[in-house]
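Number of protein chains: 2
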Amino acid sequence: MRNSSHLEKLVCSKCGKEFSPDEPQTICEKCNAPLLPIYDLESVKNALSKEDLKGRRADMWRYRELLPIKDERNIVSLGEGFTPVLKLEKLGEKLGIKNLYIKDDGLIPTGTFKARGLAMAVSKAKELGLKKLAMPTAGNAGAALAAYAAKAGIEAYVVMPEDAPLTCKLECYIFGARVYLVRGLISDAGRIVSEGKRKFGWFDVSTMKEPYRVEGKKTMGLEIAEQFNWEVPDVILYPTGGGTGIIGMWKAFNELKELGWIDEKMPRMISVQSEGCAPIVKAFKEKKKESEFWEDAKTIAAGIRVPKAFADFLILRVLYESGGGAVAVSDKEILEASKELAREGVFVCPEGAATLAGLKQVVEEGDIDKDEKILLYNTGSGIKYTEVYSKKPQIGVTAYYLH
Amino acid sequence: MRNSSHLEKLVCSKCGKEFSPDEPQTICEKCNAPLLPIYDLESVKNALSKEDLKGRRADMWRYRELLPIKDERNIVSLGEGFTPVLKLEKLGEKLGIKNLYIKDDGLIPTGTFKARGLAMAVSKAKELGLKKLAMPTAGNAGAALAAYAAKAGIEAYVVMPEDAPLTCKLECYIFGARVYLVRGLISDAGRIVSEGKRKFGWFDVSTMKEPYRVEGKKTMGLEIAEQFNWEVPDVILYPTGGGTGIIGMWKAFNELKELGWIDEKMPRMISVQSEGCAPIVKAFKEKKKESEFWEDAKTIAAGIRVPKAFADFLILRVLYESGGGAVAVSDKEILEASKELAREGVFVCPEGAATLAGLKQVVEEGDIDKDEKILLYNTGSGIKYTEVYSKKPQIGVTAYYLH
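Those sequence lines, one after another, are chains A and B. The opening residue of the first sequence carries number 1 in the UniProt record's numbering; numbering runs sequentially from there. The opening residue of the second sequence carries number 1 in the UniProt record's numbering; numbering runs sequentially from there.
Zero decoy hints are in this set.
Since copy identity is lost for identical chains, a pair holds within one copy or between any two.
Taking lysine-lysine and the DSS-like style, the derived pairs with C-alpha atoms no more than 25 Å apart in a straight line are:
#1 90 x 131
#2 54 x 87
#3 87 x 131
#4 70 x 17
#5 132 x 339
#6 339 x 373
#7 87 x 370
#8 70 x 90
#9 94 x 132
Hints were generated in silico from the structure; no laboratory data involved.
Isolated chain A, as found in the complex (with noise of 0.2 Å):
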């Protein structure tokens, strides 16, 4: 067995109460709140420093010091991690921003971001003799867990909607997960798990709800600041639905500071969420601690379409601390933004290319300085939404029959 995991404890977000990361644990049932994995920070300065990274694997594995994962027989890999930072060079020009980015998780296994938080949650999983993982999904999760499940040799329970898109369905399918097809939203899928807990045994690994995938989501942060050289980016924005991702990266650049590998100056956090659905945004505006429940939630980026986000309070946190924001977008600047991304060769998701159609309106609002460093987040692969962006006139068909 070789630890190099500098692991110490779990707390409770809300009340800070100290829970054993060498059992199975959920959240504080008191609170109703996520717990969040604490690090013996001082031990890993001695441990690890950043030339050491140099000779590493190119994966989100490569920062295991800072990650869950006690026995490293026990990490479950696909090859996840460590995607790639571009420069958008036309984009930047056309805004007016010298120093423009986008991190592209498109190219991670399953297509999308999921694959970070669950290859954590199953690894862990593993490490402590979890049989049966189940979750409520609206599809890229679920695709996601039932691929690190076949890895692991453990069972996947996937509980969704039955019109959920077909490539995600189609990978639990292959991966040989448990599916079952649900006539109804995503909360009704939540109903079942609740069930399958009760009734089978299956643990729920719901975001969250279980204190890993938030590890798993917090590489891209660690990513980030490597990949920029450990001065990072002066905004960052990311689409927001559940969460993870920007509560994640938020515990990283802390833990990076607390390491003295980052300086003082951390990124300003923006939300971008749909203006179907945009609970934290309002929250944010109204300068609340929690978001309230979005009523009649709808968005062709399925992605942010969360009601209410169970770590919403943590969300928006992030918000505040960071001095950053949150901007609703529309269906319409989604698409358009997502034309314009391809332009620079990159195909993203939705809720990607939300990040560009909010970048629009903080610089309109004046929040930005031009010479600042900007990231934009994308959280998965166009390739995986054909259902979205074939229906859409907007993308602009160029093509001819000549035969």
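Since chain A is already given, all that's left is putting chain B on it; use the hints.
Chain B only, in chain A's frame:
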């Protein structure tokens, strides 16, 4: 301008005649054969060590000394290459092979290995000042051309059968390529490109008809060598259509041998084709130097549905020189293999699945020692093949309706 390329000249792969790499080149007209780039490897020995690679970016451009782009500012990159190598524990055990691996080129821009060749061809086209790139395509190569041309700001003309996969068409549209849909086969598309060359000054980037796509594919071999710590696998199974990949990998291994970075023992290269289109397999069995046109080519693995590869004599040369072989597999075996690979967490394209089906045959024939290091090459993501996989009940649907 920063020039780290050690490119020296281009030579005809048949007659050895030299051509200048400083102007646009196509093929050797006299021999109707591909041109291959030749490097000054003696000078590379002084300029680059294995150790130098460690701190470099995790993409195919880390090998820039051995690549043909002279001014690094001409590199058109979307983060392609350095894709993961994964150990297949369960399948290895099932087949009685201790060291079975897969290299997964599903994690690459546009989801297939075509990105490597087109990143290189478009970069070199930019360097040479070409403005209009064209190709006939079954789909994936066209999507990759469209993506890199968009990034480079070069016009792309993609001609493809109207029944090409939806995802590839959509990619071409959104990347802004000029798309021509043809009511016919890829050979009809080829004729239209020929016409466009004459009438509109299109430059044809069909595989092996310009000298640089093969250099992009060469990076597959360079990466394999580095990722296996300069001890190359004993056997590599590769799905063979046009064959640029197998030719490129072999070129890589030979250059590395000349550099002294790997030793004399080279991998045995095995071409995997479909029973419905196996011209290379037939020629190999008959010990011929060239293949014959395969009538009525038919297979679900569209990427290996190539009735006669332009560079067939080079493919066969690799198989003979390496002491490798060639096997044909059925569509049924391909689908079964795709499922088996998915149960290891990797959702491959049908062409990638064919390599596992091929391996089973080779093992059965006793041509593999169980202690050998075997590598399957997956050339693309299954996500792009929903049309193929969703029609096949063999995939094993396990959906239940609960609501």
